[in-house]
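Visitor: Same order as they appear, the protein sequences are chains A and B.
As numbered in my numbering, residues 1 to 244 make up the first sequence, in order.
As numbered in my numbering, residues 1 to 244 make up the second sequence, in order.
Mixed in with the good hints, there may be bad ones.
For chains that are exact copies, the list does not tell them apart, and a pair is met inside one copy or across any two.
[Said to hold, decoys possible] As a list, the in silico EDC-like pairs of lysine to aspartate or glutamate whose alpha-carbon atoms are at most 20 Å apart:
id: 1; residue 1: LYS222; residue 2: ASP123
id: 2; residue 1: LYS94; residue 2: GLU42
id: 3; residue 1: LYS199; residue 2: ASP241
id: 4; residue 1: LYS94; residue 2: ASP141
id: 5; residue 1: LYS199; residue 2: ASP123
id: 6; residue 1: LYS70; residue 2: GLU86
id: 7; residue 1: LYS10; residue 2: ASP158
id: 8; residue 1: LYS94; residue 2: GLU213
id: 9; residue 1: LYS10; residue 2: GLU244
id: 10; residue 1: LYS199; residue 2: ASP214
id: 11; residue 1: LYS198; residue 2: GLU213
id: 12; residue 1: LYS70; residue 2: ASP141
id: 13; residue 1: LYS94; residue 2: ASP203
id: 14; residue 1: LYS94; residue 2: GLU72
id: 15; residue 1: LYS10; residue 2: ASP203
id: 16; residue 1: LYS70; residue 2: GLU244
id: 17; residue 1: LYS10; residue 2: ASP102
id: 18; residue 1: LYS199; residue 2: ASP98
id: 19; residue 1: LYS70; residue 2: ASP11
id: 20; residue 1: LYS198; residue 2: ASP102
id: 21; residue 1: LYS198; residue 2: ASP241
id: 22; residue 1: LYS199; residue 2: GLU164
id: 23; residue 1: LYS70; residue 2: ASP214
id: 24; residue 1: LYS199; residue 2: ASP240
Hints are computed from structural coordinates only; laboratory data are not their basis.
2 protein chains.
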Amino acid sequence: MTYCCALRLKDGLVFVSDTRTNAGVDHISVFRKLYTFGVQGERFITIQTSGNLATTQAVIGHLNNHLELKQEPNLYSVNTMFEMAELIGQTLRKVIADVTTDINEHSNYYCSLLLGGQIQGADMQLYNIYPQGNCINATEDTPYFQIGESKYGKPILDRALGYEMPLDEAVRCCLISFDSTLRSNVSVGMPLDMLIYKKDSLDIPHGKRIYQEDPYFRQLSKQWSDILRRGLQSLPIPTDDYLE
Amino acid sequence: MTYCCALRLKDGLVFVSDTRTNAGVDHISVFRKLYTFGVQGERFITIQTSGNLATTQAVIGHLNNHLELKQEPNLYSVNTMFEMAELIGQTLRKVIADVTTDINEHSNYYCSLLLGGQIQGADMQLYNIYPQGNCINATEDTPYFQIGESKYGKPILDRALGYEMPLDEAVRCCLISFDSTLRSNVSVGMPLDMLIYKKDSLDIPHGKRIYQEDPYFRQLSKQWSDILRRGLQSLPIPTDDYLE
């Protein structure tokens, strides 16, 4: 499985992906699921992928190929983030149609993608692109998307995250969401790829790969366990009618 | 959907179930999924159910019917909790076989059950009974089981719960697990049914139904949100290499 999460907040975009792929529990590998593109000062693009690895790599392969051969339309020639989401959706549909013409077989090759970025002169955008190639757009009401093994890490996002949250706090919230998922499900695994984009910078950030032994991530994880345990103990004791 | 959770700890058993059933989002009902049986001073039994409502009600119906008509074997005549888990598993298999003889159709009628209890002179036991009628037993290493929509509420159990935890703290942990699930998934809904059994009491507790407006549960939920938000803010700020 996979867990990818992306936030579109007032001050910027945050992306975190795990790197574990598995075909059965005895066939586990590390593959990058977070891809960055862009033209310094003009556009910044991040794509995260979940699902059939051959499909996701073919989608990224076609997008890269179009850029290399300067074939239109491509990620750098489209006018808006919406057109980019449509282009990726069409590429995905084509990749699946290439593998099978039997529509009942399509779900075997499904993948989901998150697309976030900004083009000069326009707002930042974040899209969730479905296996069918259509998509939805993040809003101030729902400033995050998840793909893959999303349930374990959803409660902390639902309870704590908001559009106005500063980026450094949102990063902590997102990493806790990952730590919770990593602890409860072995199909999601380290290292993590993380990338933070500051609004209107039109900069292509390096991003950070977070390994198992990363001191900051380990500290976060340990401290969070302490916060939860102490928090539980600080909650009011159940009234007698609860314990009867 | 459903969310049921049961703990087998040093000092006793804790059971919590939601009550929402749905056949589509426009057909939502309240049904009890936590059933108590027992003979004061001799045995205490709780069964929680998840899955096809007709199947779960038929299983409970057959178990009750056997008790009423004093047909053997029944919940009060079996010698051990293990025999009881086997009896319930056989009842479940029979209920499904009654509906369809086509094994490919079985999964349409699946249900899962948790069985917890104690018989005089023996230890408390907690079983997770699978749709196929076989079962596993909780241990000190893994002192809890969940059935239904379990993922949202698993991280807090994995991080905080332990076999030695006092019952009043375990109750808080379990209710937080439910609160997290209720917030992230509308297919799990209030009221909740909760029951706490104290080891060796061989008492049949009343249990408690927790409604939406329950002051203790509301306080817990609000305070937990504050704990998480303050906790996030108290975590160390990401180092510079995280934010590049």
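Visitor: Does each hint fit the structure? Answer for all of them.
Guide: Right, here's what the structure says about each hint:
no.	hint	result
1	LYS222 / ASP123	neither (37 Å within a copy, 34 Å between copies)
2	LYS94 / GLU42	neither (28 Å within a copy, 66 Å between copies)
3	LYS199 / ASP241	between (52 Å within a copy, 18 Å between copies)
4	LYS94 / ASP141	neither (32 Å within a copy, 48 Å between copies)
5	LYS199 / ASP123	within (8 Å within a copy, 60 Å between copies)
6	LYS70 / GLU86	within (18 Å within a copy, 66 Å between copies)
7	LYS10 / ASP158	within (17 Å within a copy, 33 Å between copies)
8	LYS94 / GLU213	neither (40 Å within a copy, 51 Å between copies)
9	LYS10 / GLU244	between (48 Å within a copy, 18 Å between copies)
10	LYS199 / ASP214	neither (27 Å within a copy, 43 Å between copies)
11	LYS198 / GLU213	neither (27 Å within a copy, 42 Å between copies)
12	LYS70 / ASP141	neither (38 Å within a copy, 58 Å between copies)
13	LYS94 / ASP203	neither (31 Å within a copy, 64 Å between copies)
14	LYS94 / GLU72	within (16 Å within a copy, 62 Å between copies)
15	LYS10 / ASP203	within (17 Å within a copy, 56 Å between copies)
16	LYS70 / GLU244	neither (72 Å within a copy, 30 Å between copies)
17	LYS10 / ASP102	neither (43 Å within a copy, 55 Å between copies)
18	LYS199 / ASP98	neither (38 Å within a copy, 62 Å between copies)
19	LYS70 / ASP11	neither (33 Å within a copy, 69 Å between copies)
20	LYS198 / ASP102	neither (43 Å within a copy, 58 Å between copies)
21	LYS198 / ASP241	between (51 Å within a copy, 14 Å between copies)
22	LYS199 / GLU164	within (13 Å within a copy, 48 Å between copies)
23	LYS70 / ASP214	neither (39 Å within a copy, 63 Å between copies)
24	LYS199 / ASP240	between (52 Å within a copy, 17 Å between copies)
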